[in-house]
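*Asks:* When the letters of the sequence shown are read in order and numbered with the working numbering, they come out as residues 876 to 979.
I should point out that these hints are in silico values taken from the structure, not numbers from a laboratory. Be a bit skeptical, because a hint or two may be false.
DEER-style ranges, computed between Cβ atoms [said to hold, decoys possible]:
hint	residue 1	residue 2	range
1	Val934	Leu976	27 to 33 Å
2	Leu919	Glu880	32 to 38 Å
3	Glu899	Asp949	33 to 39 Å
4	Tyr894	Leu976	51 to 57 Å
5	Gln964	Thr892	50 to 56 Å
6	Arg966	Asn915	19 to 25 Å
7	Gln884	Glu979	38 to 44 Å
8	Gln935	Asn958	20 to 26 Å
9	Tyr894	Asp969	49 to 55 Å
10	Thr906	Ile972	18 to 24 Å
11	Leu933	Asn958	21 to 27 Å
All C-beta atoms, glycine included, are put in the ideal place defined by N, C-alpha and C.
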Amino acid sequence: MDITERIRQLNAMRGWTIYKLAKEARVSPSTLTNMIRRGNSPSLSTLERLCSAYGITLVQFFYDNEDMVQLTDDQREHLEQWNRLTERQKRAVDLFIQGLLQME
């Protein structure tokens with residue numbers, strides 16, 4: 876991923892300038908300008924500050940909304956239950972679901 880391009884994208888979505896981002900992230904404008912002009916990647920601490928300014932997590936920074944899957948409450952609960960199953964139980968659930976799908 877091109878980090879500087881992602882910064883440009885997030886700024887454009889918010890209508891922010893580099894100066895506005897620098898102010899919100901408490902990073903010097905020259906640091907951001909130099910980083911973007913040279914295509915340098917920010918340090919982890921700078922990236923965390925940028926994400927905080929944007930109101931997003933690091934995961935959201937690296938994966939835009941098209942890449943992220945939003946789970947419903949039911950799906951989240953099923954996933955939590957799935958994670959507590961043994962491998963044998965998971966195989967049994969898989970077979971059960973396959974059987975249900977064949978009933979259609």
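*Asks:* Now, for every hint given, state plainly whether the structure supports it.
*Replies:* So, going through the hints one by one against the coordinates:
Against the hinted window of 27 to 33 Å, the Cβ-Cβ separation of valine 934 and leucine 976 comes to about 32 Å, which satisfies the hint. Taking 32 to 38 Å as the suggested C-beta distance range, the pair leucine 919 and glutamate 880 does not conform, at roughly 19 Å. One distance hint, 33 to 39 Å for the beta-carbon pair glutamate 899 and aspartate 949, holds here, with the actual separation near 36 Å. The hint said 51 to 57 Å for the Cβ distance between tyrosine 894 and leucine 976, and at roughly 55 Å that hint holds.
For the pair glutamine 964 and threonine 892, the supplied restraint of 50 to 56 Å holds, since their beta-carbon distance comes to about 54 Å. Between arginine 966 and asparagine 915 the C-beta distance comes to about 48 Å, which lies outside the given range of 19 to 25 Å. A beta carbon spacing of about 42 Å between glutamine 884 and glutamate 979 agrees with the range 38 to 44 Å that was offered as a hint. Roughly 22 Å separates the CB atoms of glutamine 935 and asparagine 958, a value that falls within the hinted 20 to 26 Å.
For the pair tyrosine 894 and aspartate 969, the beta carbons lie near 54 Å from each other, so the given range of 49 to 55 Å is met. About 52 Å separates the C-beta atoms of threonine 906 and isoleucine 972, a value inconsistent with the hinted range of 18 to 24 Å. Judged by the Cβ atoms, the range 21 to 27 Å given for leucine 933 and asparagine 958 holds: they are separated by roughly 23 Å.
Checked against the numbered hints given earlier, the structure breaks hints 2, 6, 10 and satisfies all the rest.
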